[in-house]
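The task is simple: from the sequences and hints, build the whole structure.
Chain residues, written in single-letter form:
There are 2 protein chains.
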Amino acid sequence: MIDTYRQFSYKIHIVCYYGVGMKNLSLDEMRKMAEVIFGKAVAAVNPSEALKKSVHIQNEVLTIQIPGDSKKSFDLSPFQRIFVIGAGKASASMAQAMEEIFNGRLTSGIITTKHGHGLPLKVTEVIEAGHPLPDQKGLEGAKKIQTLLKETGEKDLVLFLISGGGSALLPLPVDGISLEEKQKTTQLLLDCGADIIEINTIRKHISQIKGGWLARWAYPSTVLTFILSDVVGDPLDSIASGPTVPDTSTFKEAWEILEKYDLVPKVPSSVQQYLSAGREGKMDETPKPGDGVFNKVHNILIGSNIIALQAAEAEAASLGYNTVILSSSIVGETREAARFHGSLAKEVFSSGHPIPKPACIISGGETTVTMKGHGKGGRNQEFVLAGAFEIMDLEKTVLLSGGTDGTDGPTDAAGAIADHTTIRRAQTLGLNAKTHLNNNDAYPFFQKLGDLLMTGPTQTNVMDVRIILVE
Amino acid sequence: MIDTYRQFSYKIHIVCYYGVGMKNLSLDEMRKMAEVIFGKAVAAVNPSEALKKSVHIQNEVLTIQIPGDSKKSFDLSPFQRIFVIGAGKASASMAQAMEEIFNGRLTSGIITTKHGHGLPLKVTEVIEAGHPLPDQKGLEGAKKIQTLLKETGEKDLVLFLISGGGSALLPLPVDGISLEEKQKTTQLLLDCGADIIEINTIRKHISQIKGGWLARWAYPSTVLTFILSDVVGDPLDSIASGPTVPDTSTFKEAWEILEKYDLVPKVPSSVQQYLSAGREGKMDETPKPGDGVFNKVHNILIGSNIIALQAAEAEAASLGYNTVILSSSIVGETREAARFHGSLAKEVFSSGHPIPKPACIISGGETTVTMKGHGKGGRNQEFVLAGAFEIMDLEKTVLLSGGTDGTDGPTDAAGAIADHTTIRRAQTLGLNAKTHLNNNDAYPFFQKLGDLLMTGPTQTNVMDVRIILVE
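Line by line, the protein sequences are chains F and D.
In short: position in the first sequence from 1, add 16, done, that's the working numbering.
In short: position in the second sequence from 1, add 16, done, that's the working numbering.
Do not take every clue at face value.
Same chains, same names: a pair is fine if it fits in one copy or spans any two.
[Unchecked claim] No more than 27 Å apart at the CA atoms, straight line, and that leaves these computed lysine-lysine pairs for DSSO-like: (1) 450 <-> 276; (2) 276 <-> 388; (3) 450 <-> 268; (4) 200 <-> 298; (5) 87 <-> 373; (6) 373 <-> 88; (7) 138 <-> 69; (8) 69 <-> 87.
Just so you know, the hints here were simulated from the structure itself, not pulled from any lab data.
Below you can see the structure in the form of structure tokens.
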């Protein structure tokens, strides 16, 4: 799918080269431009491609150069063994890339990935496990990885590959707490409205992996953690619950959270006993900032929403658009976000702000939909449907929103595309856009218009990318 | 109040001149900078100041040069008489400016303004009338203006001054419909959820002023309409219901709106009869686009939200900030808008988008607050309180939001100012920001912190201005 994007992009370049220029493009061509730009964004955060592009070995020196980041170099000669471990939906393809980059130099490896996401690898063992609900397979994989790491030493290099789902795919509660008891605790926290920081505080304190524990098992080997971020703002301690990142939360805080939500008598007794003992200083705290184990750990963000947005911006600029990236962390109610984006498109027409025509406005992050109807759709399709109303009084304006994983909500579409004629075009087909919007039913609306954004699974996930083109 | 801003602004310029530079500014100084920038925005849309700055007479030629607009010139020598008419909360100060600019050349004039907003004028009669509910005084003023305009001819120039409230302050229903019947009709439309376009369609078709009618009475004199816009997007046909702007709606549509909401049997019989007769072609339609009367009409926007934002941008740029204007038409739920703005401030820190530090992000428009509590506040104060949570994990960030009229909601504050320390600073004072936000109770929160934005009445209104400073 990505290849198709590239071919199309090439054609567009030719068009521009011959000076036909953007201003003569039809709406259909503009819509294809938006798809091309989206395709580039997704391609830039394909974790396997990103690794192959950014990680190189020459003369026993490993260099890592991520777009927008400083260059890092590591002398490989002191290392006797190099291991690959990993967890996440993209860990198999990331491991495949590493096997290629390290071309015969890897000692062995173990990764866990979601059922059906495995790939044939040369030296790396692939364990398929449960996601989003962790299962016994995941637990076994986590134990195997822990065992391998405990055996590593100063002369070993560990390549750790993290992507979305890594938390569920690498479950290892502390001794005495079962997977079911841990899950029940998480569910209780969710049910009482605890926020993600509170939930993570508890989870990190009953885990042998999360909250920096994995780094401790690997110590004193050197760890390079390659991270594909699917969390808004890329907080390293939250992505897969930060297995190689210092934890700032404490047993005391974990206990206070149980008390705050009146969960002390409700959580499984094993969890209650463990956290109580931890609070009394009888259990080891998670590794904290300043802990020596982190001197040997390097966390490297190889794919994130902003990297995707920057690739989109580069492509749009090369196509001759004035560009602006608003933010990679746009959250909140989807329809409100659509109004906000609409107000910027309107301003391009009325005053040339935030940028003059031809304009490409880019944003990322992940909004939420408060369901009021019972239709079929996803946050990206709903964004585009709500946004279509915002732009309907403008001229030559195109709006695209897509999930970088190629799956928007429970649908087979990545998102949708609209332009300023969409609402009226739908009317002529007997489609009432308002009714579809009110019923959270964007999928059949765009399906009938032929305006779904279909990419198929993309092997990556850095949340959503939104593109507005104005000419 | 504006003068204080100017003095302060001058001091800041000196600071920069001596090279202390922005990066060494304290948070307090940044907050003052934000106030200075806001003050410049408000000063730029003071209608009286704007008129005096933009309208000049030299050698019998009237020139009008509005920032961001092309220059317009009118030869005054053919005109035997020049009249001033006007309606709106700022019409007295606008007329005062015109008397000064036309220095003894005005023949006479009539303006209506809100009770208490009158000023002593030389040749212009001032009528104080009811707002937001129209009253008999407004009706009498409208009749007087209509009578004056009917007597004007080809050798007359009419200066028409419109500002916020102009619609209520110039009420003149068609013969046979009383003011009360017109008001009842509007209320019925509001109650059944009709949108503003639908309401205006009806109002224009039972008025002798709105929807271009005033231009018809003035024909064949030349009309220069000077407009201060308090409507999102500055649609000229909506500001004061467009007395000198062609109307695109019809009697047929007006009737369909009555039918759509099942109001035909509910509106006063006079309204029903008039619209029914209009639908049958028995009444004169509102003047339409292409109507010759508009050849002699020039509508000139002298103050609008984008003009205020551009003044803010110029001031911020002169202070050394990188600047971006997002949009002058940001609407929607206040808290969601705060999240959106927060996500942009976060991105400035994480990737230097949409602009790198030191950054000044500017936006305008008017959001709405869905009341859930019973506290005291306004949309600007609520925006800043919600935004304070968004920026609390950042560094050196200041957030200001204020109503350009100096009155935010039912309070004596224009808005509020916060920075990244506000939530924590409030905690030390025993103030729970969350509780205040949930209770729509921002005023006492910022009052106790000393962080209300107090400007007093500003004599203008172009909705709100929001400023984010990041260093």
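A quick look at each hint next to the structure:
1. 450 <-> 276: Cα proximity of residue 450 and residue 276: across copies only (16 Å, versus 43 Å in one copy).
2. 276 <-> 388: between (31 Å within a copy, 25 Å between copies)
3. 450 <-> 268: between (51 Å within a copy, 24 Å between copies)
4. 200 <-> 298: Within one copy only: 24 Å inside, 75 Å across.
5. 87 <-> 373: between (36 Å within a copy, 23 Å between copies)
6. 373 <-> 88: Between copies only: 25 Å across chains, 39 Å inside a chain, cut-off 27 Å.
7. 138 <-> 69: For residue 138 and residue 69, the Cα distance is within 27 Å only inside one copy (21 Å; across copies 77 Å).
8. 69 <-> 87: Close inside one copy (13 Å), not across copies (54 Å); limit 27 Å.
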